[in-house]
Amino acid sequence: MQLKPLARSLAVALSIVVIAGCSSTGGTQDGDSYGGQDGSGVGSTTGVGTGGQYGSTSGAGAGAGQQADSRIPEVRTIHFDFDRDTIKSEYESVVMAHARYLRANPNARVVLHGHTDERGTREYNMALGERRAGAVQRFLNVQGVSPSQMSVVSYGEERPAVRGQTESAYSQNRRVVFNY
Amino acid sequence: MQTLNKVWLFCVLLFVSSVASANLTIEITRGSDQALPIGVVPFAGGDSMPEDIAQIIHDNLERSGYFAPLERSAMFDRPSQAGDVEFGTWRSLDVRYLVVGRAQQTDSGYQLQFDLMDISGQRRMIGETVTANANDLRGAAHYISDQIFEAITDIRGAFSTRIAYVTAQGVGDNMQFGLYVADADGRNSQQVLTSDQPVMSPAWSPDGRKLAYVSFETERPAIYIQDVATGQRVQATSFDGINGAPTWSPDGRRIAMSLSKDGQPEIYILDVANRSVERITQSNSIDTEPAWSPDGRSIIFTSDRSGGPQIYRHILGSGEANRVTFTGNYNARARFSPDGEQIFLIHRSSRGYQVARQDLDGGRLVVLSESTRDESPSVAPNGTMVIFATQQGGNGVLSAVSADGRSSFRLPAAQGDIRDPAWSPFLN
Chain A
1 MQLKPLARSL AVALSIVVIA GCSSTGGTQD GDSYGGQDGS GVGSTTGVGT GGQYGSTSGA
61 GAGAGQQADS RIPEVRTIHF DFDRDTIKSE YESVVMAHAR YLRANPNARV VLHGHTDERG
121 TREYNMALGE RRAGAVQRFL NVQGVSPSQM SVVSYGEERP AVRGQTESAY SQNRRVVFNY
Chain B
1 MQTLNKVWLF CVLLFVSSVA SANLTIEITR GSDQALPIGV VPFAGGDSMP EDIAQIIHDN
61 LERSGYFAPL ERSAMFDRPS QAGDVEFGTW RSLDVRYLVV GRAQQTDSGY QLQFDLMDIS
121 GQRRMIGETV TANANDLRGA AHYISDQIFE AITDIRGAFS TRIAYVTAQG VGDNMQFGLY
181 VADADGRNSQ QVLTSDQPVM SPAWSPDGRK LAYVSFETER PAIYIQDVAT GQRVQATSFD
241 GINGAPTWSP DGRRIAMSLS KDGQPEIYIL DVANRSVERI TQSNSIDTEP AWSPDGRSII
301 FTSDRSGGPQ IYRHILGSGE ANRVTFTGNY NARARFSPDG EQIFLIHRSS RGYQVARQDL
361 DGGRLVVLSE STRDESPSVA PNGTMVIFAT QQGGNGVLSA VSADGRSSFR LPAAQGDIRD
421 PAWSPFLN
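Protein chains in written order, with UniProt numbering: chain A, 1 to 180; chain B, 1 to 428.
If you're looking for bench data, these hints aren't it; they were derived computationally from the structure. Among the clues, some could well be false.
In silico negatives: residues of chain A with every beta carbon more than 12 Å from chain B [to be verified]:
id, residue
1, Arg-71
2, Ile-72
3, Asp-83
4, Ile-87
5, His-115
6, Asn-141
7, Ala-161
8, Asn-173
9, Asn-179
Pairwise CB distance ranges, derived in the manner of DEER restraints [unchecked claim]:
id, chain 1, residue 1, chain 2, residue 2, range
10, A, Ser-168, B, Ser-276, 24 to 30 Å
11, B, Thr-327, A, Thr-86, 48 to 54 Å
12, B, Gly-307, A, Gly-164, 54 to 60 Å
Quantities reported herein were computed from a predicted structural model and do not represent experimental measurements. Heads up, the beta-carbon is just placed ideally off N, CA and C, and yes, glycines get one too.
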């Protein structure tokens, strides 16, 4: 492809911005394998990939309790049932851990990314993804997190965590990701 | 919350003529049993030309589903002008129409002459001399195809139109998206935009010059309007929440869209000139995927106000919406036929998500596609075909089905996923 020089530098600048802002969404494709009750049981997770994004948290084996609130919780992805925006009971501890972290760190900001599986129409899925992220936002708010610390971006079906047309792929793609 | 009216005059990735790897090829997947037999004889003098004019016409007519062109190997006579056509010869081959022609090189390009013959009526129907630059021979062949199609069917040809579509490669955080425009036969693809953030929902302005689309390049959705030829673009909306599903009004002055800035996604109308937005729907549900009726008086959209997604129709100024679809529990993303009497949509059947057709004022819903992971139907400006996204072998491909469901074809990409097709209006 041929770029005019101005367009090229703008495109490069744009992509740098985009890449820089795109840090911590990955890694937890295998979100079913989250850790202990406090969401901080690092040692027990198996699916936390692309470790570089997590920097100093790797392998720390941090115990539960107040200490954990100074660090962003390890598990940052929760999953949903087909066509549902209900936070499943198995993920409540994960969301609670984020609530504690955000309460303890009022300057922290989180962007909740809502995702759907690929079935159905794209823009309708965009709305369903927003509904999922909104459910998490309301949950956090009820737990005392300030609305100013949270925002929601739905990606609908546009950024699948995994490819494929299997029930397993679909369930991994129906998710909300906590992005700090 | 404020409207972001910043004008961005980016020259984003433009004038990429003919990116070969991004071209689409055509595979006919279903032929109509009512297709008319026609012969398109290779043009005299065509051997030395960079494009095979008769083959392009042949392919266009076959893809339309209205015609079953005769194979060249069956042609033992190759006339090149009306006076040379032996009607009996072609009648014995069961051909009802015959296209003959000849090409001549000129100083500036080529001169193409063609005649369309009615074999059973033993007469010449139309004929014309067309001049073309060497680099626009395909365009000339599409023009000739349009004339032939209209002369026989009485329906305006749509071979000279274009298709916008989105490509995607990768997974999760490592994805590349592209917005392309190609000829209706998948050739001459031209890159409009690339991004490592999602690009979706391209929509043509009624004059065929601009595309509105959704891009996440600022890490959240915003609607942009881009001039296809110059690459100039503006950011039209960037409200909090969803900025999605843009569709132009028939007069090109307004864009209907879905915005969630006030809570749930609702239908709004943007005034393109002054950038004001007016809220149209008032519900506590998802309202999205608007489409403007051809007369400009109403908007259909997807809403889950009754539970699952169904199509509703809002007559502008009336303040209320009436439900249009009642078959099944998932009907979404509807588009009007050019006469405004029918809608094409995605229907969830027992087999999956399929392209379907229904009369606007009710009636039976008819499934048109055989595939089961369909999305994003877009109707040709002459109403004869619906292009849509589906999957083949785990990859996103474009497919098209005739409005009557009798014929279909596919446009697979060389690599990656291809999706979100938008058929342009007539461009000439």
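Hints and how they fare:
1. Arg-71(A), annotated as away from the interface, keeps every beta carbon of chain B farther than 12 Å; the closest lies near 22 Å.
2. Chain B leaves Ile-72(A) outside its interface by the beta-carbon criterion, the shortest separation being 17 Å against a cut-off of 12 Å.
3. For Asp-83(A), the shortest C-beta to C-beta distance to chain B comes to about 8 Å, within the 12 Å cut-off, and the non-interface label is violated.
4. Every CB of chain B lies more than 12 Å from the CB of Ile-87(A), the least distance being 19 Å, so the non-interface label holds.
5. The beta carbon of His-115(A) sits about 10 Å from the closest Cβ of chain B, which is not more than 12 Å, so the claim that it is off the interface is violated.
6. Every CB of chain B is more than 12 Å from the CB of Asn-141(A) (nearest about 14 Å), matching its label as outside the interface.
7. With a cut of 12 Å on Cβ distances, Ala-161(A) falls inside the contact zone with chain B, its closest approach being about 5 Å.
8. Some Cβ of chain B comes within 12 Å of the Cβ of Asn-173(A); the nearest lies about 10 Å off, and the non-interface call is violated.
9. The Cβ of Asn-179(A) does not lie farther than 12 Å from every Cβ of chain B; its closest approach is about 9 Å, which violates its non-interface assignment.
10. For Ser-168(A) and Ser-276(B), the hinted distance range of 24 to 30 Å is not satisfied, since their beta carbons lie about 47 Å from each other.
11. In this structure, Thr-327(B) and Thr-86(A) break the distance hint of 48 to 54 Å, their C-beta atoms being roughly 28 Å apart.
12. In this structure the supplied range 54 to 60 Å is violated for Gly-307(B) paired with Gly-164(A), their Cβ-Cβ distance being about 29 Å.
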